[in-house]
Amino acid sequence: MTESHPDPVPAERTGGSARPDLLQVEHLQVHFPIRGKGLFARQRGQVRAVDDVSFAVRRGETLGLVGESGSGKTTVGRAILRAVPVTAGRVRFRGDQGEVDLLGLEGESLRRFRKHMQLIFQDPYASLNPRMTVRDIIAEPLEAGAQKMAKSEIDDRVRETARRCRLNLEHLRRFPHAFSGGQRQRIGIARALVSSPEFVVCDESVSALDVSIQADILNLLMDLQEELHTTYLFIAHDLSVVAQISTRVAVMYVGKLMELAPTDALFSRPAHPYTNALFSAIPHLDPTQAFEPLRLTGEIPNPASPPPGCRFQTRCPFAEDRCRNEEPAWREVGPDHLVACHFAERLDFTRRP
Amino acid sequence: MSPPLLEVRDLTIEFMTDEGRITAVDHVSFALERGQTLGIVGESGSGKSVATRAVIRLLTDNALVGERSAINLTRRDGRQVDILGLASGSSELRQIRGGEVSMIFQEPMASFSPLRTIGTHMVEALQLHERVSKAEATRRSIELLERVGIADAAGRFRQYSFELSGGMRQRAMIAMALVTRPSILIADEPTTALDVTIQAQILQLLRELQEEMGMAMIFISHDLGVIAQIARNVAVMYLGRVVEEGPTRDVIFEPRHPYTRGLIQAIPRLDAGQRRLTPIGGDIPSPLARPSGCPFHTRCGERLEGRCEARVPDPREVAPSHVVSCHLHD
Numbered sequence: 001m002t003e004s005h006p007d008p009v010p011a012e013r014t015g016g017s018a019r020p021d022l023l024q025v026e027h028l029q030v031h032f033p034i035r036g037k038g039l040f041a042r043q044r045g046q047v048r049a050v051d052d053v054s055f056a057v058r059r060g061e062t063l064g065l066v067g068e069s070g071s072g073k074t075t076v077g078r079a080i081l082r083a084v085p086v087t088a089g090r091v092r093f094r095g096d097q098g099e100v101d102l103l104g105l106e107g108e109s110l111r112r113f114r115k116h117m118q119l120i121f122q123d124p125y126a127s128l129n130p131r132m133t134v135r136d137i138i139a140e141p142l143e144a145g146a147q148k149m150a151k152s153e154i155d156d157r158v159r160e161t162a163r164r165c166r167l168n169l170e171h172l173r174r175f176p177h178a179f180s181g182g183q184r185q186r187i188g189i190a191r192a193l194v195s196s197p198e199f200v201v202c203d204e205s206v207s208a209l210d211v212s213i214q215a216d217i218l219n220l221l222m223d224l225q226e227e228l229h230t231t232y233l234f235i236a237h238d239l240s241v242v243a244q245i246s247t248r249v250a251v252m253y254v255g256k257l258m259e260l261a262p263t264d265a266l267f268s269r270p271a272h273p274y275t276n277a278l279f280s281a282i283p284h285l286d287p288t289q290a291f292e293p294l295r296l297t298g299e300i301p302n303p304a305s306p307p308p309g310c311r312f313q314t315r316c317p318f319a320e321d322r323c324r325n326e327e328p329a330w331r332e333v334g335p336d337h338l339v340a341c342h343f344a345e346r347l348d349f350t351r352r353p
Numbered sequence: 354m355s356p357p358l359l360e361v362r363d364l365t366i367e368f369m370t371d372e373g374r375i376t377a378v379d380h381v382s383f384a385l386e387r388g389q390t391l392g393i394v395g396e397s398g399s400g401k402s403v404a405t406r407a408v409i410r411l412l413t414d415n416a417l418v419g420e421r422s423a424i425n426l427t428r429r430d431g432r433q434v435d436i437l438g439l440a441s442g443s444s445e446l447r448q449i450r451g452g453e454v455s456m457i458f459q460e461p462m463a464s465f466s467p468l469r470t471i472g473t474h475m476v477e478a479l480q481l482h483e484r485v486s487k488a489e490a491t492r493r494s495i496e497l498l499e500r501v502g503i504a505d506a507a508g509r510f511r512q513y514s515f516e517l518s519g520g521m522r523q524r525a526m527i528a529m530a531l532v533t534r535p536s537i538l539i540a541d542e543p544t545t546a547l548d549v550t551i552q553a554q555i556l557q558l559l560r561e562l563q564e565e566m567g568m569a570m571i572f573i574s575h576d577l578g579v580i581a582q583i584a585r586n587v588a589v590m591y592l593g594r595v596v597e598e599g600p601t602r603d604v605i606f607e608p609r610h611p612y613t614r615g616l617i618q619a620i621p622r623l624d625a626g627q628r629r630l631t632p633i634g635g636d637i638p639s640p641l642a643r644p645s646g647c648p649f650h651t652r653c654g655e656r657l658e659g660r661c662e663a664r665v666p667d668p669r670e671v672a673p674s675h676v677v678s679c680h681l682h683d
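Chain order of the listed sequences is Y and U. Oh and the first sequence: position 247 is 247 in this note's numbering, straight run, nothing missing. One gets this note's numbering by counting positions in the second sequence from 1 and adding 353 to each.
Keep in mind that a hint or two might mislead.
Covered stretches of chain Y, going by a simulated chain U footprint (3 or more residues, C-beta under 8 Å) [claimed, not checked]:
1. 45-58
2. 90-96
3. 180-186
4. 237-248
5. 295-308
6. 317-323
Examples of chain Y residues lying across from chain U (beta carbon under 10 Å, computed) [stated by the list, open to error]:
7. N168
8. M222
9. L224
10. F279
11. S280
12. H284
13. A329
14. E332
15. P335
16. R346
17. D348
18. T350
Covered stretches of chain U, going by a simulated chain Y footprint (3 or more residues, C-beta under 8 Å) [what the hints assert, rightly or not]:
19. 518-526
20. 540-553
21. 570-578
22. 595-606
23. 631-637
Honestly, the hints are just simulated from the structure, not real lab data. What you are looking at is a predicted structure, and each value in this text was computed from that prediction instead of being measured. Glycine residues also receive a C-beta, built at the ideal position from the N, C-alpha and C atoms.
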């Protein structure tokens with residue numbers, strides 16, 4: 001099909017910095033207490049799951065967020081959606097309703113605002129209530145919303161959303177167990193989109209799916225974004241998947257952002273040694289290309305006791321004394337290209353195409 | 354010509370379940386030569402894990418193995434045995450399992466008892482298969498723990514698996530599997546649960562160890578990229594059947610089966626740009642509703658009406674060692 005959609009916000013991978021910000025995250029911190037055993041046990045420390053993270057998500061873009069275990073990427077998404085308590089920072093949402101201070105919302109006003117931001121889970125099996133029909137699952141965000149909608153209006157919206165997600169009307173009467181993994185993920189997507197949210201967090205939304213099905217769901221997410229102009233924060237550990245769908249990509253490591261750049265710039269000219277190491281670790285589909293991953297020494301640090309200075313210094317092949325003593329600033333090193341490394345200008349990781 | 358190290362012939366495995374009889378592995382044959390790595394790639398329900406578990410007879414009680422199936426292993430002393438013909442409690446099976454054929458899994462916790470230390474596991478495994486003193490077994494175990502990259506190996510030797518991090522546990526499991534110097538290592542998605550930087554370390558380690566010890570390896574993965582980097586030959590499985598097999602580079606550069614082609618096209622690429630992917634249409638059928646004829650015909654865009662749903666295609670060699678089961682190549 002060569003049909004072209006009218007698209008007021010073209011989704012090019014060069015970044016699209018002309019777009020206004022939908023979401024501004026400033027100095028976000030999420031710390032979880034570690035307690036000893038027992039009811040009145042004292043707090044023994046804290047996991048700095050997200051530690052002073054700042055970025056913006058632009059209207060209509062997909063911002064990819066990648067990271068390994070303990071990077072805090074999932075917690076960033078949950079914090080924005082107000083699903084975990086935030087320790088400090090500020091999140092501004094500049095949607096159609098004007099600017100909203102997300103972390104200031106409480107009680108009824110928070111509940112009312114939830115329809116503007118939704119979450120698509122990783123596990124379509126676990127996230128759907130087995131006792132509800134597909135119609136009721138998809139309709140729930142509308143029925144739980146603050147303002148009353150007529151049942152006929154809800155039905156119309158559910159049918160319309162289901163159609164967009166390539167589910168047919170017959171499917172709506174059934175229960176989720178009757179569906180395959182890919183179909184269940186489409187149900188999860190329909191449920192997230194039924195309230196016409198401006199912002200959707202996709203948290204490992206295709207990670208549990210087989211490759212042949214995963215491609216279908218990625219296509220669906222891209223199509224829906226084009227039709228509905230939804231903004232995505234796409235969180236995943238799989239860099240290839242993130243590269244496929246994202247306008248820009250942010251890389252996290254042990255609670256901090258290491259790098260953020262337009263997808264093409266990040267993949268062709270990574271500026272942070274960690275980003276470069278991540279890329280080198282991906283097994284290439286071409287067996288004639290030598291697989292020479294950078295040998296990172298040691299393991300990912302525990303976010304409960306992160307190393308001083310740069311979080312990556314314990315494994316970085318370029319680390320110097322300065323890296324062990326001084327935390328690198330989060331700064332712009334190229335157009336729309338942010339990085340947290342003292343030596344970003346000195347290191348050249350340009351990748352051959 | 355001497356027989357291959359391992360020859361799986363006409364392997365069929367069915368499971369009796371409450372919902373009916375499920376065919377997990379359907380007339381699968383493959384061979385493994387000494388020192389070689391065979392990759393097996395497949396998605397959910399492909400039967401890749403079940404087929405390889407049969408090699409060490411690690412099947413549940415409700416499994417039925419086909420009467421004509423055989424798994425012939427050439428033992429260290431040169432004798433040929435059909436592993437499927439051995440009695441389940443026999444000493445020969447015990448010698449083979451964990452001695453000549455070892456297995457590592459996605460989840461290393463399953464390989465370790467929480468009640469015993471890493472060292473106890475390794476020493477017991479070694480003493481079960483070789484006549485060695487405890488001191489000698491301890492020395493060799495610690496040496497191997499060091500070799501797989503575990504810092505303070507002597508200290509870790511006395512620890513329990515739950516005290517180690519994920520990457521360390523995976524290394525300890527590899528050390529335990531290799532302590533008896535097996536001639537075949539079966540690796541079932543051993544890096545799937547790991548972070549990508551840790552996965553790269555483990556893949557490198559397995560490649561080095563394989564070369565040093567001269568063992569053959571069957572490496573199972575859903576990730577064709579991992580297979581491309583570790584296996585010289587690959588078998589592509591779909592719904593219990595091998596649909597294509599051959600040298601990995603031939604299969605990746607010139608896939609002949611529509612399923613293999615679809616699988617390769619569906620993989621997202623780093624350098625691809627925000628383009629649409631080409632998914633394989635439809636869903637993987639339920640094992641309870643196996644399609645007739647070619648198992649892929651329900652999703653295949655090149656289906657030949659009247660042929661593909663009617664008859665199972667025979668394997669055909671389309672290039673040297675490159676074998677495809679597809680009616681398009683009849």
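Compare the structure with the hints numbered earlier in the document and write down the numbers of the violated ones, lowest to highest. 1, 2, 6, 7, 9, 13, 14, 15, 16, 17, 18
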